[in-house]
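**Student:** Residues per chain are reported as follows:
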Amino acid sequence: MHTALLLDMAADAAPDRLALGPRADGLTFAEARRRAHHGAAWLEQLGGTNVAFVGLNGPALPVAIFAAGMLARPFAPLNYRLSDADLNKLLARTAPSVAIVDDDMVPRLAAHEGVAVVSRSAFDAACKVHGDCEAQFLDADHDIAVLLFTSGTTGEPKAAILRHRNLTSYVISTVEFLGAEEDEAALVSVPPYHIAGISAVLTGTYGGRRIVHLEAFTPEAWVETAAREAITHAMVVPTMLGRILDVLEKTGETLPALKALSYGGGRMPLPVIERALNMLPHVDFANAYGLTETSSTISILGPDDHRMAIYADDEAGKRRLGSVGRPLPSLEVEIRGPDGEVLGPNQSGEIYVRGEQVSGEYTTKKVIQDDGWFATNDGGFLDEEGYLFVEGRLDDVIVRGGENMSPGEIEDVLREHPGVADVAVLGLPDNEWGEKVAAVVVAADTTPSADELAAWVKARLRSSKTPEVWAFRDALPYNDTGKLLRRQLKAEMAKA
Amino acid sequence: MDLKPGSRWKSAVCDVEVVVVRPPKTPATLECGGYQMIPHAEAKPEGKEIAADFADGSAAGKRYADEETGMEVLCTKAGQGTLTIGGRPIGAKEAKKLPASD
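These protein sequences, in sequence, are chains P and W.
Taking our numbering, the leading residue of the first sequence gets 1, the next gets one more, and so forth.
Taking our numbering, the leading residue of the second sequence gets 497, the next gets one more, and so forth.
Isolated chain P (complex conformation):
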């Protein structure tokens, strides 16, 4: 099943419903399909096998995604925040391609063989041609829908392959067709080159929920847009949520229309989500865990789980606020040990996942097993009721004297100290233990002493988990989608 069929279905069943953009002058589903159709016919004339996209969020993004889908050409959104040199390297890798590029970003791009650069305004104009489009595309055989370049913190970025069947399987198994109320609207602020930016377009369309794009995230613009557009649904990454709450506190805005807020893409600090639950009591919170290679979400901690966890009086119940909930019913999750053996409840190992939405493929290699199981490279465990806990990338796990330690667990404890605004825990080489635990702390108003923080951790965990090396900084390095650049920090700390 092709992604473009999702738009086709919505446009057939609800042609006049608003699909994209503002309440006042947004595009209907019928108009969105018409534009994608014209866009596809125009792109087809320009040749190439891939459609690259370099630009900010906006209605042109979904139109381009569906136009590429109609042509059965892989859609490759590129990270415009990269340096010019890195961006050009990625663009060259999309050849033969047509690249739709924001007008003000065109000058950043060099000429590459096999890459035809067209401005976003030219694409928009081609899509807006009046009348029906006679071109027919849908039964083309190519099945790669999206190519997403990973952030590549360890060398050349890899291009993850998402096939039409991966993405549509995810959409139809998690979203009710036109299940949204007519007045619902989702605010999408993750960038186009993030898997959640792609899946938001597909699930929003199939669910019949209007999509409002924030060109680029700032907390002020997010709150202002959410209020103006009566946004009912949104997804944010953890660093966004804390900054949004700061703006709400400052402006007194309460976002009465907001019904559901989901978060994912990294570990959410418990104090932030607790603050969110208290400040926005009318909102349903969901924590989603997923990867690029799994077409977005594979596990969700739902609104009821959130409320139960916050009112729970037992440790297992409270702990669940730190979990990513239960795996989707349409897939399987297992925790496996170092020799591939399946582990029981509460035993930490590597998270494996299997299901139709899982691609596990890159342009350079296939990392999915023949039986369909995909190793996520994330460490974690399932509790006795099947709730999944993610402990972080396996490469980030600290091994001290043969003992495996999750940085996240130690970070959570430190974040609860009033003197800690932000913290990263990592392993540094150690001659005696193999690795030793280090903490990089961003202090709140008054800087706590290392001794005080060490005693705090020791009292709550155990002495082997207490950081031996302490550093204090003004800020930690994050990428633009809120992921802590742990390896960069580790390299800097190892040098110091």
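If you are wondering where the hints come from, they were derived from the structure by calculation, not from laboratory data.
Treat the numbers as computed from the prediction; the structure is a model and nothing was measured.
Beta carbons: idealized from backbone N, C-alpha and C, even for Gly.
Where hints are given, some of them may not hold.
What the hints assert, rightly or not - Residues from chain P shown here face chain W by an in silico Cβ test under 7 Å; the list is partial: (1) Met1; (2) Asp12; (3) Ile172; (4) Phe177; (5) Thr203; (6) His233; (7) Pro238; (8) Ala286; (9) Thr297; (10) Ile300; (11) Leu331.
Model the placement of chain W on the given structure of chain P, informed by the hints.
**Tutor:** Coordinates of chain W only, in the frame set by chain P:
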């Protein structure tokens, strides 16, 4: 009929269209409104009418699954005909509602 995953079919007698989500484990014939469905790109035959016994309707966005053959289709366009395999109606699957996460 080659009911492979992703293949699209339409009713010969009404507006119903489907896409195959899961193929049948054994060869099967997919009908709608009492007549075998035709490939999406083909033109509808003329002069055929929906069979009264197979006119209960199919809804867009519903997934229809057959236990016997394991086949599952997604109805992509609604219409009056009932989806059947060898004359046996296939039922709509109840989807579990999940919180929005994107």
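**Student:** Let me make sure I understand: some of the numbered hints might not hold for this structure. Which ones are they, in numerical order?
**Tutor:** Failing hints, ascending: 7 and 11.
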